[in-house]
Amino acid sequence: MKVQVLFFASLRELAGTHASQIVVEDGATVADLWGVLCARHPAVEPMSTSVSFAVNQEYTDRDHPLADGDEVALIPPVSGGCCAEADTDAC
Amino acid sequence: MKVQVLFFASLRELAGTHASQIVVEDGATVADLWGVLCARHPAVEPMSTSVSFAVNQEYTDRDHPLADGDEVALIPPVSGGCCAEADTDAC
Amino acid sequence: MFDIRKTPLDLDELVTAVSDPEAGAIATFIGTTRNHNDGRIVSTLEYEAYPEMAIAEMRKIGDIARERWSLKKIAIAHRIGLVPIGEASVIIAASSAHRVAAFEACHFAIDRLKEVVPIWKKEHFDGGEVWIGSQKGAAFPAGQDGPSR
Amino acid sequence: MFDIRKTPLDLDELVTAVSDPEAGAIATFIGTTRNHNDGRIVSTLEYEAYPEMAIAEMRKIGDIARERWSLKKIAIAHRIGLVPIGEASVIIAASSAHRVAAFEACHFAIDRLKEVVPIWKKEHFDGGEVWIGSQKGAAFPAGQDGPSR
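Protein chains in written order, with numbering that gives the first Met the number 0: chain A, 0 to 90; chain B, 0 to 90; chain C, 0 to 148; chain D, 0 to 148.
Everything labelled a hint here was simulated from the structure, so no lab data went into it. Remember, it's a predicted structure, so these values are computed and weren't measured experimentally. Glycine included, every Cβ here is placed at the ideal spot set by N, Cα and C. Check each hint, because a few of them may be wrong.
The calculated lysine to any residue pairs, modelled on SDA-like cross-linking and capped at a C-alpha distance of 25 angstroms, are [stated by the list, open to error]:
#1 K71(C) <-> E103(D)
#2 K71(D) <-> A16(D)
#3 K5(D) <-> N55(A)
#4 K71(C) <-> E86(D)
#5 K121(D) <-> A96(C)
#6 K59(D) <-> D69(A)
#7 K121(D) <-> D69(A)
Beta-carbon label-pair distances, calculated as ranges [claimed, not checked]:
#8 G80(D) <-> P83(C): 34 to 42 angstroms
#9 G126(D) <-> A66(A): 44 to 52 angstroms
#10 E57(B) <-> E51(D): 52 to 60 angstroms
#11 G85(D) <-> A66(A): 27 to 35 angstroms
#12 G85(D) <-> T48(A): 34 to 42 angstroms
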């Protein structure tokens, strides 16, 4: 089955692409997809512990099973907004 | 000695005046002045427990001694701002 | 900026007053007159101030806020006279590097303003009018030395 | 109103969006880009969003806020693309009958936005650029089910 993968921010730059159609085996999970992506774009591998995932625009666990046609977004740590709690935080 | 008394809001309406020059004895306190005012404007007397006082634009106790030329403001419970904490409060 | 005025308040003016190149956060509070209170339909709201002392008390609120929080700037403006229903009677703005200080200072300032700043509100409604606060046996503004009773 | 846009944000637009005849209190929060962070002089700030999901997450924040507090309305707008230093990157407005709800909902919304809304900030500074958040080994947004690790 095929899923549409979206890359954002640092992951977009590391992968060198914003979107990619990926073929995965039936029953593949988000974690399996990440394995495929790391093989294809080794530069993203260091983000393994910090990346989050959204399937069809909802945050999901890594063991979430994918379905044909899913839109899977790779979400680096978010940093919108502004104005930190502490001096070391962003803005 | 003479002090300038300012009446605001409900007290202004009860007294029927915004400002009044009052002669008090040397050593008179804010409480003494209030007694003089209650005698002159009996309508203000029910405010005895709720009125606050400012001398020269600073909140003061009732036992504060007055000085010649003081500006004494009679301050009903304040109600500026808006938007109450609870449904029974103002705005 | 601490101001009492008879004309409409302008939010952008207060935001501009607290803007600062080092402030990443601005919190504002807008208090608007409403057409009902305590079950009454209010037709008109009127505010009266002891202007010189009200400005002095606002300044003190600003000083306390700056002592308690790491603020850049704070501004308070209150409208007096007739304030049409739906228009702002008070606006507060506070700026800081970090958002918690701006929120807490702004919240503190409106709470404190309602307690100590010599401004009074009169509601005109069908069948009467009332000075808010005076109808209940309210006491000396909280946080001040109370009068001897 | 929940919006992501490439053009400057307008505080009055958000305040108007939350205005309500029964709302006596409006709290707003404006987050502004600053020219320094972590000791770096920042020349340009750039925001990127996953717009459809970001709007959906903002809506969820609004829903949670309305469940927790007695709000009238809430609005959130975030700017993306290049945001000049000193201009607003995010504005939140919340209205309620009583002031505590407006303040708390507004504060909650900015905290939550920073945790879960898929928007990223890149700082351009003398000598480089960096996506904020990615340089530290930050984890799954708080308050969500975490991925299995």
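Tested hints:
Pair hint K71(C) plus E103(D) holds up; C-alpha atoms about 21 angstroms apart against a cutoff of 25 angstroms. Between K71(D) and A16(D) the CA atoms are separated by roughly 11 angstroms; this keeps the pair inside 25 angstroms, and the hint holds. Distance restraint check for K5(D) and N55(A): the Cα-Cα separation of roughly 24 angstroms lies within the 25 angstroms cut-off, and the hinted pair is therefore satisfied. For the hint linking K71(C) to E86(D), the alpha-carbon distance of about 17 angstroms falls within 25 angstroms, and the restraint holds.
Proposed proximity of K121(D) and A96(C) is supported: the alpha carbons are some 19 angstroms apart, at most 25 angstroms. With a C-alpha separation of about 21 angstroms, the suggested pairing of K59(D) with D69(A) holds against the 25 angstroms cut-off. With a C-alpha separation of about 28 angstroms, the suggested pairing of K121(D) with D69(A) is violated against the 25 angstroms cut-off. With their beta carbons about 39 angstroms apart, G80(D) and P83(C) fall inside the hinted range of 34 to 42 angstroms.
At roughly 45 angstroms, the beta carbons of G126(D) and A66(A) sit within the given window of 44 to 52 angstroms. Against the hinted window of 52 to 60 angstroms, the Cβ-Cβ separation of E57(B) and E51(D) comes to about 58 angstroms, which satisfies the hint. At roughly 46 angstroms, the beta carbons of G85(D) and A66(A) sit outside the given window of 27 to 35 angstroms. Between G85(D) and T48(A) the Cβ separation comes to about 35 angstroms, which falls inside the hinted range of 34 to 42 angstroms.
The structure does not agree with the numbered hints 7 and 11 stated previously, though it agrees with the rest.
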